[in-house]
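Peer 1: Letter by letter, the chains look like this.
There are 2 protein chains.
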Amino acid sequence: MNDRIHNFSAGPSALPTAVMQEMQEDLLSYRGSGMSVMEMSHRGDLFMGIIDEARTRIKRLYGLSDAYEVLFVHGGASLQFAMVPMNFIGEGQTAEYIETGTWSTKAIAEARIQNKGVRVAASSGDQDFTCIPEVKGLSAEAPFVHITTNNTVRGTQWHDLPDTGGVPLIADMSSDILSRPLDTRPFGMIYGGAQKNMGPSGTAVVILRKDMVEKIPHNLPTMLSYRTYVEKESMFNTPATFPIYAISLVTKWLEETVGGLAAMEAVNTRKAEALYALMDEDDFYCGTAAKESRSLMNATFRLRNRELEPLFIEKSLECGLAGLKGHKSVGGIRASIYNAVSEASVEALCTFMDDFRRTNR
Amino acid sequence: MNDRIHNFSAGPSALPTAVMQEMQEDLLSYRGSGMSVMEMSHRGDLFMGIIDEARTRIKRLYGLSDAYEVLFVHGGASLQFAMVPMNFIGEGQTAEYIETGTWSTKAIAEARIQNKGVRVAASSGDQDFTCIPEVKGLSAEAPFVHITTNNTVRGTQWHDLPDTGGVPLIADMSSDILSRPLDTRPFGMIYGGAQKNMGPSGTAVVILRKDMVEKIPHNLPTMLSYRTYVEKESMFNTPATFPIYAISLVTKWLEETVGGLAAMEAVNTRKAEALYALMDEDDFYCGTAAKESRSLMNATFRLRNRELEPLFIEKSLECGLAGLKGHKSVGGIRASIYNAVSEASVEALCTFMDDFRRTNR
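First to last, the sequence lines map onto chains A and B. Quick note on numbering: the first sequence equals residues 0 to 360 in numbering that gives the first Met the number 0. Quick note on numbering: the second sequence equals residues 0 to 360 in numbering that gives the first Met the number 0.
The following block holds chain A by itself, in its conformation from the complex:
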């Protein structure tokens, strides 16, 4: 597809072109049914097959045991920020949150709005969230420890999970879900908005360990209780059918074209290393994250001469590279290189960065 742009958007973001082509082909008549996936009953056999495929492929990709449920929940990650404390911080309990920037801060705020017991057990706020903090002294009594595995704004990522001594980890993985293999056993819950590594926005994927369900109070509004999604298999009401369809295709692509999460991680590592290596050649570009905390998903950097940044963005667009502007809260440049951003796109970016440096040194 010659007319496809190199898309480095932080989210919603690039989807695999092959997936987009399959969606396009079937858009008016899914598998000869005479209707689009958008137009069919969520309780019919066709869509039940689709949601089941999405669920099964996610389970298989992560090697999840039967102890886990895969749910499709409304509202993106931001609604989960509110639902997690509502469902899992009981009377008198204090949950542990690790603060690593914008999204973790929002998660903490939503627990506090509900007057729930919350302790910020570690924070890299004093280092401007440019690294993942050291974690020690976690309480063994906490109902969970909450982390944000990848931080899109500052370009940091957890590379080793904190030892919680058996307390369930709950992780917002919106921006690195399905990007690498994972030992899922420490996790009570994993959640993520679909719109970075999985599909279009409109649904969150929630991976929930079944023993967590027992802790959910019985008096929550139906749509705000994870128990509802478990008991009704994410079909208490109409789920976001088209985004779930896209997830089924993206996870199929991950399994059948990429070859699973280890293979995906290898590709993601090559992409990130190419970019960081170029950045580290001299000080024309300056990475903003501490090296040991650098994200494989969002490479954030400044130009030594910040006045050149608007020109960098302008020229990159002219070269067919989109979405490189940094988050408005921090400025600078951000290249989001999620699963579906190809090595060819990263190569094009590296070539552009190299040229831009030579021209503007």
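A few of these clues could be false.
Ranges between beta-carbon positions, derived for each pair [what the hints assert, rightly or not]:
(1) A/K209 <-> B/L45: 39 to 47 Å
(2) A/R305 <-> B/E232: 29 to 37 Å
(3) A/D159 <-> B/S328: 49 to 57 Å
Think about it this way: if two alpha-carbon atoms lie no more than 25 Å apart in a straight line, the pair counts; the simulated SDA-like pairs of lysine to any residue are [claimed, not checked]:
(4) B/K327 <-> A/R226
(5) B/K115 <-> A/Q113
(6) A/K231 <-> A/G62
(7) B/K251 <-> A/I112
(8) B/K290 <-> B/G331
(9) B/K214 <-> A/L219
(10) A/K290 <-> A/R179
(11) B/K231 <-> A/T104
(12) B/K231 <-> A/I112
(13) B/K231 <-> A/V329
(14) A/K209 <-> A/M234
(15) A/K214 <-> A/E232
(16) A/K58 <-> A/A265
(17) B/K105 <-> A/G43
(18) B/K327 <-> A/Q113
(19) A/K251 <-> A/I112
Partial pick of chain A residues on the chain B-facing surface, computed with a CB cut under 10 Å [to be verified]:
(20) G10
(21) S28
(22) S77
(23) A81
(24) F235
(25) N236
(26) P238
(27) F241
(28) T256
(29) G258
(30) I312
Everything labelled a hint here was simulated from the structure, so no lab data went into it. From the three backbone atoms N, C-alpha and C, an ideal C-beta is built for every residue, glycine too.
Using the hints provided, position chain B relative to the given structure of chain A.
Peer 2: Chain B in isolation, oriented as in the chain A frame:
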């Protein structure tokens, strides 16, 4: 499109074929941008244009004054069932709900789960919800009166709004939103899941009168407060971008191809009258809703000989007519004839029903 089926699904349901074709054409590169609407930042100019178009067209179709905001909220109508009492029933207040079947009953249940003051001011439950009940004695002190304008399961619809004496009406219009012109002035809020008359599932449209915002408590979880959606123009987090794009195209189709809501109502009336007229010719088919409460959106009926119903469904599918099975809670037949179901589709259904009657009399 010869291979498109006649789709009578109750929701998700048929979308205009012309809209589907435009989506298909632009799926990999929206207006030459080199990316799909699914892949672009919700804060970029392109998507901002799309959401603004959807908002503006809804406003224009209903002739809404500046006193109203159009919002795109997560979670479908079912989450609004919980958010409405959370936002609008204050301490010591009692809201009035009119009970007209399945969906209104769920709305009432969600208010009760929160221990909110709720009174069922009228119900057609003693008539098996086959009609819209007479409403009198509404309290002038209530924060709102809640109705469900169209009832998909029993095939009933409000044709005259109740006189609330100035108390704001809040209406779940999931299944007849944008199907006819409306005097919106009595409404404090109108809401509806997208997946019947507007687009694919994954978002709800909420039309909120601005004076309602002042009543919203300030301590709600951010994503559960309508104030957030007003203040952040439905962009506190990533909205369901692709469903909103579809809504922008469907409302464009309503304005530019159909010619507005009065024209749409004329078409919808012709479709419903054709079906009901055929049904009323003799007692082979028996409409289940009281005549004065019949829905223009969902025509529900039984066969006099109920044993023939499975054969009716089987044969209809063979004739390219899909989605005619009644809701599982009541059985029978249901033809959902929302905006995008064409007169040609209804004609095909009438021909089939006539033939089936002749063959199986």
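Peer 1: Does each hint hold? Answer for all of them.
Peer 2: Against the structure, the hints come out as follows:
1. A/K209 <-> B/L45: 39 to 47 Å: 42 Å, holds
2. A/R305 <-> B/E232: 29 to 37 Å: 30 Å, holds
3. A/D159 <-> B/S328: 49 to 57 Å: 51 Å, holds
4. B/K327 <-> A/R226: This hinted pair holds, its Cα atoms lying about 23 Å apart.
5. B/K115 <-> A/Q113: OK: B/K115 and A/Q113 at ~18 Å, within 25 Å.
6. A/K231 <-> A/G62: Given that 25 Å is the threshold and the Cα spacing comes to 23 Å, the pair holds.
7. B/K251 <-> A/I112: 40 Å, violated
8. B/K290 <-> B/G331: 17 Å, holds
9. B/K214 <-> A/L219: 23 Å, holds
10. A/K290 <-> A/R179: OK: A/K290 and A/R179 at ~19 Å, within 25 Å.
11. B/K231 <-> A/T104: 18 Å, holds
12. B/K231 <-> A/I112: 18 Å, holds
13. B/K231 <-> A/V329: 20 Å, holds
14. A/K209 <-> A/M234: Satisfied, since the Cα-Cα distance of roughly 18 Å is no more than 25 Å.
15. A/K214 <-> A/E232: Given that 25 Å is the threshold and the Cα spacing comes to 18 Å, the pair holds.
16. A/K58 <-> A/A265: 20 Å, holds
17. B/K105 <-> A/G43: Given that 25 Å is the threshold and the Cα spacing comes to 22 Å, the pair holds.
18. B/K327 <-> A/Q113: 38 Å, violated
19. A/K251 <-> A/I112: Given pair A/K251, A/I112 is violated - Cα atoms ~39 Å apart, limit 25 Å.
20. G10: 7 Å, holds
21. S28: 5 Å, holds
22. S77: Holds: closest Cβ of chain B sits about 4 Å from A/S77, inside 10 Å.
23. A81: 4 Å, holds
24. F235: Hint holds; A/F235 Cβ to chain B Cβ min 7 Å, cut 10 Å.
25. N236: Holds - the Cβ of A/N236 comes within 10 Å of chain B, reaching about 4 Å at its closest.
26. P238: Since the shortest Cβ distance to chain B is 7 Å, the answer is holds.
27. F241: A/F241 check passes; min Cβ-Cβ to chain B is 5 Å, inside 10 Å.
28. T256: For A/T256, the interface hint is violated, since the closest Cβ of chain B sits about 17 Å away, which is over 10 Å.
29. G258: 23 Å, violated
30. I312: This hint is violated: A/I312 lies away from chain B, its Cβ roughly 13 Å from the closest one there, beyond 10 Å.
Checked against the numbered hints listed earlier, the structure breaks hints 7, 18, 19, 28, 29 and 30; every other hint is satisfied.
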